[in-house]
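> So you can see what is in the structure, the chains are spelled out below.
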Amino acid sequence: MPVPESHEFFIDPRRCIGCNACVQACTECDTHKGHAMIQLDYVDRGASPQTVPVVCMHCDSPTCAEVCPADAIKRTGDGVVQTARKPRCIGCNNCVLACPFGVPKMSTGMNLMMKCDMCYDRTSIGKKPMCASVCPSQALFFGTREEMARLRPASRVLNVFRFGNQTITTRVNMLVPGQAFVESLDVLSALHEPAAGNDAAENVLLDGMEAPHAG
Amino acid sequence: MSRPTATEPEFAEVFGPHLSRATGDRLDPGVVPDKTVKTHCCFCGQQCGIELLVKDNRVIGFEPWLEFPFNHGKLCPKGVKRYLQGAHPDRLLHAQVRDEHARGGFRPVAYDEAVSRVAAEIERIQSAHGPQAFGVLSGASLTTEKAYLMGKFARVCLKTPYIDYNGRLCMVSAAAANKKAFGIDRAANPWSDIPKAEIVWISGANVAECAPITTDYVWQARENGGRVIVVDPRLTPLARTCDLFLPIKPGRDAALFSGVLNLMIEHDWLDHAFIDAHTTGFTDLARAAAEWTPARTAAVTGIAERSIRQAAEWWGTARTSFLLHARGIEHHTHGVQNCLGAINIVLASGRIGREGCGYATITGQGNGQGGREHGQKCDQLPGGRDIANPEHRAHVAGVWGVAPDDLPGPGVDCYEMLRKVDRGEIRGLLSLCFNPAVSLPDSAFVKRMLEKLEFYAVIDFFLSETARYADVVLPGSLHEEDEGIVTTAEGRVIKINKAVDPPGEAREDWRIVQDLARALGRERGFTFVGPAAILAELREASRGGVADYAGIGYERLEREHGVFWPCPSADHPGTPRLFEPGSTNPVARGAGPFYFPDGKARFLPASYTSPAEEVDADYPLLLTTGRVVSHFLSGAQTRRIGPLVDHCPEPFIEVHAQLASRLGLADGDLATAATRRGAITLRVSVVKTIRPDTIFIPYHWPDGKSANALTIAAQDPISKIPEYKVCAARLTKAGEAR
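Sequences listed follow chains A and B, in order. Residues in the first sequence are numbered consecutively from 0, following numbering that gives the first Met the number 0. Residues in the second sequence are numbered consecutively from 0, following numbering that gives the first Met the number 0.
Note that these hints are calculated values from the structure, not bench results. In this text, all values refer to a predicted model and were calculated from it rather than measured experimentally. Each residue gets a CB set at the ideal place from its N, CA and C atoms; glycine is no exception. Each hint should be verified, as a subset may be incorrect.
Here are some chain A residues the structure puts well away from chain B; computed CB gaps all over 10 Å [as the list claims (entries may be wrong)]:
#: 1; residue: Pro1
#: 2; residue: Cys18
#: 3; residue: Glu27
#: 4; residue: Asp29
#: 5; residue: Lys73
#: 6; residue: Val95
#: 7; residue: Pro99
#: 8; residue: Ser132
#: 9; residue: Glu145
#: 10; residue: Ala153
#: 11; residue: Thr166
The calculated BS3-like cross-link candidates involving lysine-lysine, where the alpha carbons are at most 27 Å apart (straight line), are [unchecked claim]:
#: 12; chain 1: A; residue 1: Lys73; chain 2: A; residue 2: Lys104
#: 13; chain 1: B; residue 1: Lys37; chain 2: B; residue 2: Lys732
#: 14; chain 1: B; residue 1: Lys179; chain 2: B; residue 2: Lys599
#: 15; chain 1: B; residue 1: Lys34; chain 2: B; residue 2: Lys54
#: 16; chain 1: A; residue 1: Lys126; chain 2: B; residue 2: Lys37
#: 17; chain 1: B; residue 1: Lys54; chain 2: B; residue 2: Lys497
#: 18; chain 1: B; residue 1: Lys704; chain 2: A; residue 2: Lys32
#: 19; chain 1: B; residue 1: Lys497; chain 2: A; residue 2: Lys126
#: 20; chain 1: B; residue 1: Lys34; chain 2: A; residue 2: Lys32
#: 21; chain 1: B; residue 1: Lys599; chain 2: B; residue 2: Lys195
#: 22; chain 1: B; residue 1: Lys451; chain 2: B; residue 2: Lys54
#: 23; chain 1: B; residue 1: Lys732; chain 2: B; residue 2: Lys704
#: 24; chain 1: A; residue 1: Lys73; chain 2: A; residue 2: Lys32
#: 25; chain 1: A; residue 1: Lys32; chain 2: B; residue 2: Lys37
#: 26; chain 1: A; residue 1: Lys32; chain 2: A; residue 2: Lys85
#: 27; chain 1: B; residue 1: Lys497; chain 2: B; residue 2: Lys451
#: 28; chain 1: B; residue 1: Lys451; chain 2: A; residue 2: Lys126
#: 29; chain 1: A; residue 1: Lys85; chain 2: A; residue 2: Lys73
#: 30; chain 1: B; residue 1: Lys178; chain 2: B; residue 2: Lys195
#: 31; chain 1: B; residue 1: Lys704; chain 2: A; residue 2: Lys126
#: 32; chain 1: A; residue 1: Lys126; chain 2: A; residue 2: Lys104
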């Protein structure tokens, strides 16, 4: 049974609380039991508690598959990009180097590329991916666009990303502020911008220090 | 004197903590579970619904329980990995007695022999020194049935006034303030009111790490157009995206609330109709608040004056609002005053007792709420009844089949019990699921008192750091090995279901307590055949009380996914939202909505005094403590779960970059934090998300990593909660002289 087209994956980094529930839950998924296929990164812990969950974006034209010399990475008809086929994967690391989102990981022990397959064992039988099911802040969500529109009226979804000249459309959607009228996220140029909010946080904490302290 | 019988490494070698990780069946996707059991997480006061997968009497995994209305399958990392504590290698399978010649300082004994030994020691101490020479320290993660039984055991079987519980370390300041202002001690609203609020005000609550599921409720409010105000000395993950962050100096919350109230009065952002109809004391309060000008409030709290004005305007002019707080304002020598300050701005706004308008404290412990309502708190009897009130005593004595005069009077809080040990008034203790060597402040004193006991018995499922001081350890039961009810942070009573049997000679805790009563020859009233029978008696004991559970039974709880108390009869729908016009109220009897005979809430001045210990030249910094998301309380459970330990293996000292630079510290350096009670050396985490005059250390670790080696045992005079959240400290690079 394919993953229903109506059900999509949504990521809202503003809601991420860095709790690691997604990483812990991912290790419970049957297809890669014991291994986490999601990663959670601090953007700059010194400056902010902002964290970002990283899952496979399940690209319409997956670069990882396009660069695979062994044709080991398959995208199923329902748009889910799978972990490399074990008999074919030659452990060359091309996919790891090529993925613009930095997702595939090489398991050196198994000589196999492993990555998020949107909990195919679960989503293909009508369940939600483990990470999105448990995510306590709902930074990760699996459901329909209608549900998203109802639950997140102040946000909008976006699934077009630009990396220089490369434009990628993904099955996984990012949530952005509703007032952000952009058609795509330009990832490369964003790399050179300071993380939003960090200066404000520092200012507000130092601001308080300026007041004289009565007991 | 009962010094530990082994060194820390010797204890650890035998009793752990060892790390449990998924292996075998737990990693095999082909294994089909025998059954799935719908129950709840064993950790915090949110008690998220979860389905445990069971095979061959072992919990092998979990599935999200999507239908449970509070969390809809959502879990934090502790909930995800909780299943790994079942069949844990450190699990106590037999009773243990101290033996300095045995490996690990204890040797296993037959269960009956251990029970007889405990009973004989209780008998010996009480015969020689009176019944009050033996005390009981109970737990707030127990089911309500167990908590009820422990209260009855202390008062009826042991005839001692000295029972208290580790909920004393949790939300008793909020409870005391709620009773003073509202006449009832419970969150006023279900969490479903949070997303409907225009303003969500959060004071002293690191919601993202201590109550992660609640972030979804708060951020849904924001998504619906609401604003979020966060008050905290640290910019927490939830504060990162709030609309207004007030970086308060620890211990100054009553001043902030009074300052906000003063601005509400000045600008007439008040609900006069509500104040006139449903409250008393506003005129006096307004007079007291007048001295809290914005300038003075800013000076005391360390918050910029314009931020205080902005907060007051947003709070004052909203149509709907929800105020949440937690230990950050409660763990203080004036925690009750801080909570009264919060209540005052809620009542002045008139926004309580209706949809989208609420107030709550976030319960930290699994059954902090239910655990104190039914009789293990030193001054309360079941039903939230007052042990000093003759009518209340008569009701409970009647249910228990004893004369009211035979019930002891009020006892003292758990820390005071240790001071009584110091004075030789208490000579023996029995504790159940309480780890005071890690969780109480000034742990050097706590350990000395445990050593001073003539006899100490512990009921627990792991050999905690505290159990190392025990003479006898009785092997109790895990959360998934028993059934019963708990009451969540929302006030929702839910059902815990048994998934597996206790292993080896471990027993359900209620069986152990009854075995002790029988061994003492005092088994009358302690012959329950199971938790259902205990609940049946508890329902009668609570009938007519404020915390009325009379209409709450197991089948109904499962069918309805929980029932909010009060629920006085089987056909009563329960009370999700307190103070609604016409809602059940056994005190006001129609006058309502508040739980006083006149039905009116009380405005009480929230008086400000500075913390017990001020900074000075020797100790120039403020130390505050709290949690990290991957550990729970004293870590007795989570420090044994491998993936959670991997996530956060060690405590740390969080330091602002400006302070770090002044002290010559870089991220990852070792530094020594010292107070007048002790010193510990940990790695520093250099960040820009904490006040530069404040350092933070999480408290889940024991011994040389214990934040409570530093904290102060000063307590709130009303709630007796310790001041964990502020004391004076100094920080130096490790190895450097001051």
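> Each hint needs a verdict: does it hold in this structure or not?
Okay, the hints, checked on the actual structure:
no.	hint	result
1	Pro1	20 Å, holds
2	Cys18	5 Å, violated
3	Glu27	6 Å, violated
4	Asp29	4 Å, violated
5	Lys73	20 Å, holds
6	Val95	23 Å, holds
7	Pro99	27 Å, holds
8	Ser132	4 Å, violated
9	Glu145	15 Å, holds
10	Ala153	5 Å, violated
11	Thr166	29 Å, holds
12	A:Lys73 - A:Lys104	16 Å, holds
13	B:Lys37 - B:Lys732	50 Å, violated
14	B:Lys179 - B:Lys599	11 Å, holds
15	B:Lys34 - B:Lys54	7 Å, holds
16	A:Lys126 - B:Lys37	17 Å, holds
17	B:Lys54 - B:Lys497	14 Å, holds
18	B:Lys704 - A:Lys32	33 Å, violated
19	B:Lys497 - A:Lys126	26 Å, holds
20	B:Lys34 - A:Lys32	20 Å, holds
21	B:Lys599 - B:Lys195	25 Å, holds
22	B:Lys451 - B:Lys54	45 Å, violated
23	B:Lys732 - B:Lys704	16 Å, holds
24	A:Lys73 - A:Lys32	20 Å, holds
25	A:Lys32 - B:Lys37	22 Å, holds
26	A:Lys32 - A:Lys85	16 Å, holds
27	B:Lys497 - B:Lys451	38 Å, violated
28	B:Lys451 - A:Lys126	57 Å, violated
29	A:Lys85 - A:Lys73	12 Å, holds
30	B:Lys178 - B:Lys195	26 Å, holds
31	B:Lys704 - A:Lys126	42 Å, violated
32	A:Lys126 - A:Lys104	25 Å, holds
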